[in-house]
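**Q** Single-letter residue listing:
Number of protein chains: 2
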Amino acid sequence: MKNQISILGAGLIGSLLGIYLKKKGLDTSIYEKRPDWRQNQTSSAGRSINMALSYRGWKALEKAGIKDKVVPFTIPMYGRRIHDEHGSTYCQPYGKDNEAIYSISRNTLNGILLDEAEKAGVTMFFEHTVEDVDVHRNKVTFSLPNEQEKHLEDSIIIGADGAFSALRNAMQRQTRFNFSQQFISHGYKELTIPATTEGEFAMDPNALHIWPRGNFMLIALPNIDKSFTCTLFLPFEDANVSFDKIRDHLDVIHVFQTYFNDAYQLMPDLTAEFARNPTASLVNTECYPWTANNCMLIGDAAHAMVPFYGQGMNCGFEDCYVLDGLIGKYGTFSWELVFEKFQKTRKPDTDAICQLAMDNFKEMSDSVADPKFLIRKKIEAKLHEMFPHEWVPQYSMVTFSDIKYSEAYAQGKLQAAVLDKVMKDPFIAQKWKDLDYHAILNKVETSKAV
Amino acid sequence: MKNQISILGAGLIGSLLGIYLKKKGLDTSIYEKRPDWRQNQTSSAGRSINMALSYRGWKALEKAGIKDKVVPFTIPMYGRRIHDEHGSTYCQPYGKDNEAIYSISRNTLNGILLDEAEKAGVTMFFEHTVEDVDVHRNKVTFSLPNEQEKHLEDSIIIGADGAFSALRNAMQRQTRFNFSQQFISHGYKELTIPATTEGEFAMDPNALHIWPRGNFMLIALPNIDKSFTCTLFLPFEDANVSFDKIRDHLDVIHVFQTYFNDAYQLMPDLTAEFARNPTASLVNTECYPWTANNCMLIGDAAHAMVPFYGQGMNCGFEDCYVLDGLIGKYGTFSWELVFEKFQKTRKPDTDAICQLAMDNFKEMSDSVADPKFLIRKKIEAKLHEMFPHEWVPQYSMVTFSDIKYSEAYAQGKLQAAVLDKVMKDPFIAQKWKDLDYHAILNKVETSKAV
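As given, the protein sequences belong to chains A and B, one line each in that order. Read in order, the letters of the first sequence are residues 3 to 452 in the numbering used here. Read in order, the letters of the second sequence are residues 3 to 452 in the numbering used here.
For the record, the hints were derived by calculation from the structure and aren't laboratory data. A couple of the hints might just be wrong.
When chains are identical, the list treats them as one kind, so a pair holds in a single copy or across two.
Said to hold, decoys possible - Keeping only pairs whose Cα atoms sit at most 35 Å apart, straight-line, the calculated DSBU-like set for lysine-lysine is: (1) K191 with K71; (2) K343 with K247; (3) K247 with K346; (4) K247 with K349; (5) K25 with K349; (6) K191 with K343; (7) K331 with K247; (8) K35 with K152; (9) K406 with K379; (10) K26 with K343; (11) K69 with K331.
For clarity, every value in this text was computed on a predicted model and none was experimentally measured.
Construct all of the structure, not just a fragment, from the sequences and the given hints.
**A** The structure is reproduced here in structure tokens:
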């Protein structure tokens, strides 16, 4: 019986998992490729989308006992604030009442998690690059600075090493490992809207700002230093507005003045940032099985998704929560059993959220700007208000509940089919305007029946 | 301008490609991991499904000038001979008149191609294992026996190195390389029906024999030594008849007596062969792009398919034919241009045949045993006879023509939709029996119209 656990990767998922496992009394180590970046907060700047914590993430942090440490570093966003081409804005609430998603910087959150993991007694090894994993013998070879090598043997190995996981790469070379990596046509670049000269937020801080422009968009999330982290999503090529067509400062300014002029006015450092920050790609990866001979994948290593549903981290945290529950239930007598239960339970849910994330790009970048879509959202919110348990919008199931992702996916499909029919009513906008809920409800009922 | 070509892999595709390129006057080398197996014909025994050459394959061999070398080693198969549980058999012709697919042993064909490549002046390097490819610098590192290393630089690199391509693996580590490998639930094992004691074929040699049993099947292809190479396709697990349930000789005998008794009577060495031969897995791989910086993938390295349409090799040979045509058209001034044209032209076709191969398992293992399916096939053959150009069965488009696979796929879908409707006619079997072609044609016409 092996109870020495080695986690590969000290990112968000690896460090939260370390806390969980150490609290179960297990001998837990984390091996990380990078140096300890807590001493140098800028190391990953310009390389990650801001995080939005939602219900599943909070629930997992709470069970690990560290929710309170995180809360002070978050800013609630109660809805999307949509910016049109003329600088007008309006807000679409995400949920009801005080339901919100919470903006936090990846570095800040990762730092808290690492500190807490160390406090809990997890042993940390930085600058350990996985060179090879022998899955059949449960053996990991690391390269260290100064060309040293180190071998790890006879340990339970959990790969929390992200979308380009070294453990998964080793598993892929085995027989019958299903794997897919699909890059989407869009890339992203991080930019900044700094605090005003008075030291205040330059825009409403309690919203996720979106500049939807059809096939591309800009978004902005608030930071506690009163700046906003912006992310520009553009196609790499083959479009009127694409990264490959932006060749110099003038092109940058032209695109921003044309499509994002209100944001542009708030971005004094735009052209320098644009040149300095990398253009990163976006990948969806799916694989199966997640486990082989006392090795297992978790988080992005098992299922990296595109960021358009804001669930990558929340899903990874929920992975830790679910795994912790299974260890509680089955004990650590057989890791093979626990890992098998984990993958069987979890795979349909991660498949569902990967698909939802892919589908949601269109909603964020295009539909949110469509007046009919807004009415649809309002009708749905009204239905939710009238039937709080019978009709929950898919976004709310995913974001403000812990309903299984696969159920949220299936239920959302059914509801979407009903709403598709409702929205075909040529008088629907008028009915909504007239507050004629009775007629709308009738329409919903008949649409269900068919 | 680089005109030194290095092909990775001396399999069927690599060696045919070598002949094509050498004939274009290019300095061509082939690097192969295995030792030269022409001296030891048994090296890959029990590890490959017999090959069935069809139109596309012959066309490519003919253009390379080596068709005549291959013909004597093939046996035409004019149709499927279906074996039911009681040992009764009947034949389904593959096409019209003399249309056939041609059985040949992989080793024999590969040997001919290697000999011809050497004769043409291709330089062969055996026992060269690719350790690493630096795609950005066009650099390959090989390991040789005795722990030697060898480096190749500044060459055009073409990966014909199969479903688990080392070049593709290197490309996968770049950004934005889409890749998927999916193993199917079934595996296979090769077995033999030897020649009779009188030195004759034990069954009809001019057919591909199938024992379709729903979720599993046995097939047999003739060899020129009058034996048959049989392939047993079973699920690995989770089924009544599966590889994991066959644990000893008695289980083997039980399965064969129950489901394949007529074949069993012809297999004196069955249990020993079953134990000796490996159980191999079946994978579908798709990826894109196929090219990066003067490197390119071809054949299984670009698109490995499951074997159920008999097109893996034919498609790979057609790849060589198409590439040769593009080199003829664009010259070798810019390999990037040629490779770009190749992948753009060819990818929709290989996607189509990969999908068709996946779908065809059901037809081979299940539908062919269904009386309604047989009538459907006969109606389709009749339509083809009456309208030889307007109605070509999908199998014929794929197997007996060089219509683009993607067109065969699309046209096949349309025809299948028509036939689905025709077959819903409750009197269709009677109409066919009554030779009432007029009524059937009417039905086809009205089914098209809807």
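**Q** List in ascending order the numbers of the hints, as given earlier, that are violated by the structure.
**A** none
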